[in-house]
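Q: Full structure from sequences and hints, please.
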Amino acid sequence: MVCIRKATTDDLLAMQTCNHLCLPENFHMKYYLYHILSWPQLLYVAEDNNGHIVGYVLAKVEEESNVCHGHITSLAVLRTHRKLGLATKLMNAAQNAMVQVFGAEYVSLHVRKSNRAAFNLYAETLGYKIHDVKAKYYADGEDAYDMRKKLKGKQIHHHNDHGRHGHGHAHAIGGGCCSSAEAKVSGKKETKAT
Amino acid sequence: MGASLPPKEANLFKLIVKSYETKQYKKGLKAADSILKKFPEHGETLAMKGLTLNCMDRKPEAYELVRQGLKNDLKSHVCWHVYGLLYRSDREYREAIKCYRNALRIDPDNIEILRDLSLLQAQMRDLTGFVETRQQLLSLKPNHRMNWIGFAVAHHLTSNASKAVEILEAYEGTLEDDYPPDNERCEHGEMLLYKISLLEECGFLERALEELRKKESKIVEKLAYKEQEASLLLKLGRLEEGEKLHRALLFMNPDNYRYYEGLQKCVGLYSEKSQFSPDEIDRLDILYKSLEQQYQASSAVKRIPLDFLQGDRFLEAAENYIRPLLTKGVPSLFSDLSPLYDHPGKADILEQLMLKLEHSIRTTSRYPGRVEKEPPSTLMWALFLLAQHYDRRGQYDVALSKIDEAIEHTPTVIDLYSVKSRILKHAGDLAAAAALADEARGMDLADRYINSDCVKRMLQADQVALAEKTAVLFTKDGDQHNNLHDMQCMWYELASGESYFRQGDLGRALKKFLAVEKHYADITEDQFDFHSYCLRKMTLRAYVEMLRFQDRLHSHAYFHKAAAGAIRCYLKLYDSPPKSTTEEDDDMSKMPASQKKKLRQKQRKAEARAKKEAEEKHEESSAAGASKPGKRHIKPVDPDPHGEKLLQIEDPLQEATKYLKLLQKNSPNSLETQLLSFELNMRKQKILLAFQAVKQLLKLDAEHPDSHRCLIKFFHKARSMAAPVTDTEKLIWSVLEAERPTISQLHEKSLIKGNEIFLERHKDSLMHRAAAAEMLYVLEPDRKSEAIRLIEESSNNMVAKKGALGPVGEWKLKDCITVHKLLGTVLNDEEAALRWKLRCAECFPYSTYFEGRCSSVVPNSAYNQIRKKSENGSANHSEGGETRDSVASNGRLEAFKGLTI
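Residue numbers (this note's numbering), protein chains in the order written: chain D, 1 to 194; chain C, 1 to 901.
Calculated from the structure, these hints are not laboratory results. Here the structure is a predicted model, which means the values were calculated and not measured. Careful: at least some of the hints might be erroneous.
What the hints assert, rightly or not - Derived BS3-like pairs: lysine-lysine, alpha-carbon spacing no greater than 25 Å straight-line:
1) C:K244 <-> C:K222
2) D:K149 <-> C:K222
3) C:K226 <-> D:K152
4) C:K23 <-> D:K60
5) C:K784 <-> C:K814
6) C:K71 <-> C:K98
7) C:K218 <-> D:K60
8) C:K476 <-> D:K136
9) D:K83 <-> C:K328
10) C:K222 <-> D:K152
11) C:K753 <-> C:K695
12) C:K59 <-> C:K8
13) C:K37 <-> C:K23
14) C:K373 <-> D:K83
15) D:K83 <-> C:K784
16) C:K661 <-> C:K717
17) D:K60 <-> C:K226
18) C:K226 <-> C:K244
19) C:K537 <-> D:K60
20) C:K244 <-> D:K113
21) C:K328 <-> C:K235
A: Here it is, written out as structure tokens:
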């Protein structure tokens, strides 16, 4: 039905289009490049039978603080491809790589307070907890939940959760598309690549 | 640096450099000024002052000072380096490289300059130079990891992967056995994976596998390790091991199609075109049945068999596949099945199956042979699936009746409206499609996807102003009203450009197309910072992949569309240049005085209003900027928001040539590229280049109607040229003389005969007939009525379809519109065009273009009747319904206005 695989540079333009179609928080191509050239293990796409990118996850690792942790920069699935559990599969793939490759202890993300569908996915299906509320985090003044999920910590062997969650129940509850993104930077953020 | 200065000033000079590096420009400026007080001619200080000013947005002064400094001290590598940095900041890389080279002539071993030079060489793909510079850096500083890696990558980029491997192994030789320390494990692992991928690229497969396994404990990313191992095993033909490993990969991710493909290859059941013998199909079937047991949550494992199964077994598998997805209500089911429509016979089987399921649920609320009742929503999803099926088959009336029934069944499901909108679009009612999409949008205002879908439909219906108003509901970014352009939202810019083009607003169209072109230039530019970053981060596989992606960036579909769009604009601009002011006055002079006065007043008022609006906007934004000191950059006001200045270009063909060159370089195998090349070069009188385009067209698709058109037009034009006089003309003439016999279509045939043969070969195809008719008229204008008859005698043959509910003609709406325009413009026969229109209105009853009886332009169409009934209630942004901009003032929209909910 839909192929879940690691993203390559060739997918980035399609990922950007997918992001434009689904989410209000957008980024310059350079920000996508920054991600794939820093943490190539943490970008995944969902590709349908016609070769179209219908979902993606863009994630990174914060190495500066003393606790290494992952962060979901952006996650989107086209509305037309709901109810396939794609968001769950993409998130699991990125989270697994965070643990396996970087030994991340937890993963964080931001989500709009009003985005119930996404919130339910994170809280119920994926086990995220509200860590903090960031007032007026988004450009339009909306607050964000700062959510976190503890990961398994450093380990050598690759365990994978794929398929254990069944088919995205979270989507069935809310519908709509699940999203999280660093709205504040909205792609204007300079990459740290200089 | 600053060597010629006394100690106090020398220290000040160091301060300037330090301030520049730490971005304390004011401090640097002060230091520079106090040196210059004593030594006003000091070259390096002048140069550094210039460089500092460059960072303070004082560019003209910067260039002046740097040049002055250099003039005063031509022997200083600092001055040359600074000059290079200045050019680099303006993306003038070629000039910058020259400056660095001059600096290195004076100070050949300057590490900093060498490093800067290497970055530019990577950016400009001066790969030979890159290898040299990297070699120099390595020999100067062999204890730096980055220099080893850089040298290796440089060799890899010059297609010398084996040399790159040698360098990396030499580098490994410098490391201790217990390398790496914990904090460098990731980087080192990446380096090893890069090296192994290089070995694979060289074809040293055994060595690659051996190295991979030997270094297993040092490779951090286990997934990449396994994928690399699987790829090597497969290439080495070690299929048993490969099979095991692919199964292990599937265990990790049973939704990755590539792993299934690899597994099939390992067990000898792979075919690129999915063509299998009956025996192979049996074995595949068994394989996937066992995989399905293992990976119950995987949807891939259930879907793949539909690709290889045939006949009754396909039917059975399809039924098992479709049933649970209908029950669950998966909206993408049709799009998932749609590739099967290209397999012979499967569409018919699917149609039968869908109808069977629909009938069973409708009459018994159950699937055939089942005891359990289906939930009521299953019927709706079955109708939803059928609607899309009939849409795909071109049976729009059936498709609409299915989707209408689904909507009646459950009026709250947004997807139904989106699909109905798409069907209407395909059927030719663009305004109704946009209205439907807007209705869907209104059902969930927080969902950008349905907003985007709606915007797309509005643009297709040429409601640009309304589309923009709708799109910006999601693009507010602080004080910025519309950040679609800033955020590189290219699909929107392209769709909007195309709409403006259709409406003849070339300025705005160009503006949008060139905006997309600019995004691509920016993306090329984006790579600059990563040349050094990736060598440090060691993400070398991703880096090289990125460079290759950049090398083919301009072959991407969006760029192609933008460049082609821009070229079309320039061609149109050349064919009908905008009226100069004197001509406009001429037009006005023909008007009665009172009307003239009114018009002038109107123009003045409009100008004043626009000016006032622009000023208000500007004030707003600067006020907002001032209140937020954090935001340093105030966006400069676009001096040409509507692209009017773009139209005042002196030589549109020259501009078009720029973009054509990019297309020729990056998508030479596209028919469109060659067509545009033909059109452009014919206008430029570049006969041989136009001929080259004709030859390419024939090579790509000799039977295409447009290839035929170009061929005939070309030789017709060549024939009508005056006898050659100059040497060049004679040369061209002789080339054509020599080449013509090599073209089989015209070999020993006249153009007229060639055209007849083409017609004979394709007499059942509308578009080929139209091309032949047009060429007949071009060659022999007095046979115009015969040409028109050729078109009118085309018949819309029914496509034979087993089991289809209603017959469908093979004509495509888009083609029929093209033919209508051909009749009205080139053949210039209004009556024939009208006859054609009436005929097409019958074939395409939903088409607004042909004013079909079911389309929204007809006030009493069934569509409008329904719309009127449901007018009250639904949410809509009613103020958006009025399009103030007259760009959308075509009759279709006017007729539709009353209907907006």
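Q: Compare the structure with each hint and give your call.
A: Going down the list of hints, with the structure as the test:
1. C:K244 <-> C:K222: holds, 16 Å
2. D:K149 <-> C:K222: Given that 25 Å is the threshold and the Cα spacing comes to 23 Å, the pair holds.
3. C:K226 <-> D:K152: OK: K226 of chain C and K152 of chain D at ~21 Å, within 25 Å.
4. C:K23 <-> D:K60: violated, 28 Å
5. C:K784 <-> C:K814: Judged against 25 Å, a Cα distance of about 24 Å means the pair holds.
6. C:K71 <-> C:K98: The hint holds at about 16 Å.
7. C:K218 <-> D:K60: holds, 22 Å
8. C:K476 <-> D:K136: holds, 14 Å
9. D:K83 <-> C:K328: holds, 8 Å
10. C:K222 <-> D:K152: Cα-Cα ~16 Å, so holds.
11. C:K753 <-> C:K695: Holds. K753 of chain C to K695 of chain C sits at ~19 Å (cutoff 25 Å).
12. C:K59 <-> C:K8: The given pair, whose Cα atoms are some 29 Å apart, is violated under the 25 Å limit.
13. C:K37 <-> C:K23: Measuring from Cα to Cα gives roughly 23 Å; hence the hint holds.
14. C:K373 <-> D:K83: holds, 22 Å
15. D:K83 <-> C:K784: Violated, at roughly 58 Å.
16. C:K661 <-> C:K717: holds, 24 Å
17. D:K60 <-> C:K226: holds, 22 Å
18. C:K226 <-> C:K244: Since the Cα atoms of K226 of chain C and K244 of chain C sit roughly 11 Å apart, the hinted pair holds (cutoff 25 Å).
19. C:K537 <-> D:K60: holds, 14 Å
20. C:K244 <-> D:K113: violated, 46 Å
21. C:K328 <-> C:K235: Violated: K328 of chain C and K235 of chain C sit about 41 Å apart, past 25 Å.
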